[in-house]
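Trainee: Below are the chains, spelled out letter by letter.
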Amino acid sequence: MRQVDRRAFLGVSGAALFCALRGEVGTRREVLAHDARARGAKPPAADAVDGLTFPIPQPQPGGAVREYWIQARAVRWDIAPTGRDDWMGMRLPPHRKRTFWAFAYQLFGPGFANPLGPPSIPGPTLQATVGDVIVAHVRNADEHFDQAVTMHPHGVRYTPDYDGAYLGDYTRAGGFIAPGSEFKYTWECTPDSVGVWPYHDHGPNHLVNTARGLFGAIIVREPGAKLPDVETVLFLHSFPPNITGLDEQFQVINGRTAAGNTPTVRSRVGQDVAWHVFGGDSMFHTFHVHGHRWKDASGVYIDNPNLGPMNSVTARWTEDNPGRWLYHCHVGPHQMGMAGWYFAEE
Amino acid sequence: MRQVDRRAFLGVSGAALFCALRGEVGTRREVLAHDARARGAKPPAADAVDGLTFPIPQPQPGGAVREYWIQARAVRWDIAPTGRDDWMGMRLPPHRKRTFWAFAYQLFGPGFANPLGPPSIPGPTLQATVGDVIVAHVRNADEHFDQAVTMHPHGVRYTPDYDGAYLGDYTRAGGFIAPGSEFKYTWECTPDSVGVWPYHDHGPNHLVNTARGLFGAIIVREPGAKLPDVETVLFLHSFPPNITGLDEQFQVINGRTAAGNTPTVRSRVGQDVAWHVFGGDSMFHTFHVHGHRWKDASGVYIDNPNLGPMNSVTARWTEDNPGRWLYHCHVGPHQMGMAGWYFAEE
Amino acid sequence: MRQVDRRAFLGVSGAALFCALRGEVGTRREVLAHDARARGAKPPAADAVDGLTFPIPQPQPGGAVREYWIQARAVRWDIAPTGRDDWMGMRLPPHRKRTFWAFAYQLFGPGFANPLGPPSIPGPTLQATVGDVIVAHVRNADEHFDQAVTMHPHGVRYTPDYDGAYLGDYTRAGGFIAPGSEFKYTWECTPDSVGVWPYHDHGPNHLVNTARGLFGAIIVREPGAKLPDVETVLFLHSFPPNITGLDEQFQVINGRTAAGNTPTVRSRVGQDVAWHVFGGDSMFHTFHVHGHRWKDASGVYIDNPNLGPMNSVTARWTEDNPGRWLYHCHVGPHQMGMAGWYFAEE
Chain L
200 MRQVDRRAFL GVSGAALFCA LRGEVGTRRE VLAHDARARG AKPPAADAVD GLTFPIPQPQ
260 PGGAVREYWI QARAVRWDIA PTGRDDWMGM RLPPHRKRTF WAFAYQLFGP GFANPLGPPS
320 IPGPTLQATV GDVIVAHVRN ADEHFDQAVT MHPHGVRYTP DYDGAYLGDY TRAGGFIAPG
380 SEFKYTWECT PDSVGVWPYH DHGPNHLVNT ARGLFGAIIV REPGAKLPDV ETVLFLHSFP
440 PNITGLDEQF QVINGRTAAG NTPTVRSRVG QDVAWHVFGG DSMFHTFHVH GHRWKDASGV
500 YIDNPNLGPM NSVTARWTED NPGRWLYHCH VGPHQMGMAG WYFAEE
Chain C
200 MRQVDRRAFL GVSGAALFCA LRGEVGTRRE VLAHDARARG AKPPAADAVD GLTFPIPQPQ
260 PGGAVREYWI QARAVRWDIA PTGRDDWMGM RLPPHRKRTF WAFAYQLFGP GFANPLGPPS
320 IPGPTLQATV GDVIVAHVRN ADEHFDQAVT MHPHGVRYTP DYDGAYLGDY TRAGGFIAPG
380 SEFKYTWECT PDSVGVWPYH DHGPNHLVNT ARGLFGAIIV REPGAKLPDV ETVLFLHSFP
440 PNITGLDEQF QVINGRTAAG NTPTVRSRVG QDVAWHVFGG DSMFHTFHVH GHRWKDASGV
500 YIDNPNLGPM NSVTARWTED NPGRWLYHCH VGPHQMGMAG WYFAEE
Chain R
200 MRQVDRRAFL GVSGAALFCA LRGEVGTRRE VLAHDARARG AKPPAADAVD GLTFPIPQPQ
260 PGGAVREYWI QARAVRWDIA PTGRDDWMGM RLPPHRKRTF WAFAYQLFGP GFANPLGPPS
320 IPGPTLQATV GDVIVAHVRN ADEHFDQAVT MHPHGVRYTP DYDGAYLGDY TRAGGFIAPG
380 SEFKYTWECT PDSVGVWPYH DHGPNHLVNT ARGLFGAIIV REPGAKLPDV ETVLFLHSFP
440 PNITGLDEQF QVINGRTAAG NTPTVRSRVG QDVAWHVFGG DSMFHTFHVH GHRWKDASGV
500 YIDNPNLGPM NSVTARWTED NPGRWLYHCH VGPHQMGMAG WYFAEE
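From first to last, the protein sequence lines stand for chains L, C and R.
Residue numbering for the first sequence follows this note's numbering, starting at 200 and increasing by one per position.
Residue numbering for the second sequence follows this note's numbering, starting at 200 and increasing by one per position.
Residue numbering for the third sequence follows this note's numbering, starting at 200 and increasing by one per position.
Note that these hints are calculated values from the structure, not bench results.
Every value quoted in this text rests on a predicted model; they were computed, and no experiment measured them.
Worth double-checking, as some hints may not be accurate.
Same chains, same names: a pair is fine if it fits in one copy or spans any two.
Derived DMTMM-like pairs: lysine to aspartate or glutamate, alpha-carbon spacing no greater than 25 Å straight-line [as the list claims (entries may be wrong)]: (1) K241 <-> D495; (2) K383 <-> E342; (3) K383 <-> D446; (4) K494 <-> D391; (5) K494 <-> D285; (6) K494 <-> E430; (7) K425 <-> D345; (8) K241 <-> D285; (9) K494 <-> E421; (10) K383 <-> D519; (11) K425 <-> D495; (12) K241 <-> E421; (13) K241 <-> E430; (14) K383 <-> D249; (15) K296 <-> E545; (16) K241 <-> D519.
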């Protein structure tokens, strides 16, 4: 890849992709060119990229190792499995294609012995407590895109070995997991890791592959923190035509469009309900839940906070308002798909 | 409407409207198609949508009922009544059309006896104190668009009966006020309702009709809270050509473009001045006032905070800096219209 | 200019510029029309625009006068002096033009005796303490664009005389520094000026000329505040083709694109490191640094906060994580250029 004149390529595609990832112009061809380029990316050199070596983090006294086995793979992804928009009370047109090649993380049991579920968008939620170490065994099981991937975490502490970022000539092993390969990341949960964070691909084609679905959440809690009774992770994002090859721009939550396909969240009155909501694409969003409001970290009551790409807000309350409620992004056109049901039962 | 293949329609229009509501491409036709579809939306069934029934909220001891009579109607709306841009010191071109069919809320006296003013963008500001109940009698007096509307509030507490949201098959009476009909919303002002919130249409064509002007503000205060001497509600929004049918994209505040048409705010030195500023369209904005800065809820001094769609910031200070000042959104191109005068007199 | 029918001009260009400044459509012609119009802008009348006169602020007891000599001038600006993208490990195509006419502030010694460096994007960082007065002598040394400029500050306190804003018929002397002219601004650092603020052009063509590079930072500290060991000012912005006349959309930091051209920030373990990061164009951005997280003003740990046009966030920590790290905006397509290196050494 280093021989390739990237700007000559980007000269054609830079401005286009700029719009393309936002779904505003048709540059499917450009995405495919990014794919082709990434297939040619060279793995890191065998020798160290610099003189720095780092110890492998260990849990603090009383902490644990939280171990996850996760593979990344291509998957045929249906944007609307029910075929319906349940908010608007209608079928989606059956002749419209809604399935494409996504890229998703999938949770496995210890040693990759068995899948614990299908590939999911977002990927499995990693959970830990301050003092713990998260060990993520990540396998690239892609047989479709033929590209290296990684897992780059936010929030947790890591040395350059476990950054999970492709850095050209300075890439370390964890920044390039080739198809068929595996890497073991070790991340520390320090006191300033408390919060809800994204992880995502940061390999040689990360803009495209993250947009295809390679992202998920990490939750780090204080020791002894009360767990919510209901806890939901939502990524507000989009699948534009250049990413999917489909005819439509889809506004989605967790990879699905329209209430009934997006997560339906359920609680009972009296329960402690937490929503961890991320911006998952290149847009800015807001998160609104009907019938509810909550206090932000500065002490202000809100019901519709802003969300940027790969940052999050947590809404948390004790449920006291039963009913069928809508939750959605409040950006006007995003609402056509980026919405779901919340049922609070008495 | 439920028989209509919405996606077949959206298949043509989804991506287009996505851009159209942002004013970036010409899809006036798509907006008109949304209008046509909404005209066919069915009212909610006479029987309950589920087994849930809810008591009508009552004021807390010491609280009051704050009663408002508001009608929604189409109105010919002039984007720039003065014909001038007073910041740039010039006339706007008289041959350019600046009037279109907006949709606006209008305040009436008790029992809809008499209008207390013209339809306004934003609509009347609803004010209450914690412990109060707000009762909003909303009448759909539209004789132009022939569409059901609603009033959906943020911040206040409401049961599903008073959500004011069209929910397809699950719509309750308050989620569909047909032309010529009326609905009485009852909303509670709970301790976590303290703040400044939007209300807006959430009927079967809410994306389009909210963009036409169907929005306003709710202010809920602590009991005994000091009232500001000067209090201003500003919505930063836009009127794109697809919404107005006009030739230009207008960046507006409270439905008007350019200083002299947008609100001119006046205070005197020593007065307690509060600005409640909303994002009122699908864009993100900032709010900047020359010559002033204020503390945000986290204790940081700011003069240009971010604003998302249908959320708000409050800027508040004791006036100490007399002069003619400009206020505006700091997004570059928005400034061409989204600006106004502030006079602080000695 | 006041005779010119601005809207007739904007009627052609309003919606176009709206997009153009965002780099999404090619309206280089419109930018040139703005330039032409601004060349015709009239200087303020010799007499006062209103009856108001204001004292010149003086430092508080114990405060100082912080005096700066700064000129604004056109400069040929290379967007990528190294010719490389060091993150992706490749040369940028040598046949691609990367140099254009920017507009930049340049720091001089007392009395404009000698330049203290080349014109820079951002301009010189102005620093002061509460109680001080900042005096900025600003000279318009433009010999290319032939347009009046100003310096409008955020955060500090100023009377209308020192607002630095062109206001049409209400413009004061400081709102219009013609080519070859000079103006002396005097700004107070009050207790609510503590923070990190932008300054920028606010003359008759401010949208275009600010986008060309006429902006910088002001840092106001509490008396006795500890200075960080490493302090970096970053503006995340863009150079779209309509501004530069080049073929590409460039995503830049401090006027440069791609790691190796953007600032490389260096620290040592144990140092107090502060990053002051601004949105510098019409987009919204986020700021992410690999391997680090920090507490925001509300007490929440973050590593990727939102940034709006001409507002800022400060990230500050004691360095404890050595290595080569990437920092970047997290908006997907912005990452193609809006990224840089951070070296924390042991």
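Trainee: If a hint holds in the structure, say so; if it does not, say that too.
Mentor: Outcome of the hint check:
no. : hint          : verdict
1   : K241 <-> D495 : neither (45 Å within a copy, 38 Å between copies)
2   : K383 <-> E342 : within (20 Å within a copy, 59 Å between copies)
3   : K383 <-> D446 : neither (38 Å within a copy, 43 Å between copies)
4   : K494 <-> D391 : both (21 Å within a copy, 8 Å between copies)
5   : K494 <-> D285 : neither (30 Å within a copy, 41 Å between copies)
6   : K494 <-> E430 : both (17 Å within a copy, 24 Å between copies)
7   : K425 <-> D345 : neither (43 Å within a copy, 51 Å between copies)
8   : K241 <-> D285 : between (47 Å within a copy, 15 Å between copies)
9   : K494 <-> E421 : both (19 Å within a copy, 15 Å between copies)
10  : K383 <-> D519 : between (44 Å within a copy, 23 Å between copies)
11  : K425 <-> D495 : both (18 Å within a copy, 23 Å between copies)
12  : K241 <-> E421 : neither (40 Å within a copy, 50 Å between copies)
13  : K241 <-> E430 : neither (41 Å within a copy, 35 Å between copies)
14  : K383 <-> D249 : within (20 Å within a copy, 50 Å between copies)
15  : K296 <-> E545 : neither (39 Å within a copy, 54 Å between copies)
16  : K241 <-> D519 : neither (56 Å within a copy, 31 Å between copies)
Taken one by one, the earlier hints fail for this structure at numbers 1, 3, 5, 7, 12, 13, 15 and 16, listed in ascending order.
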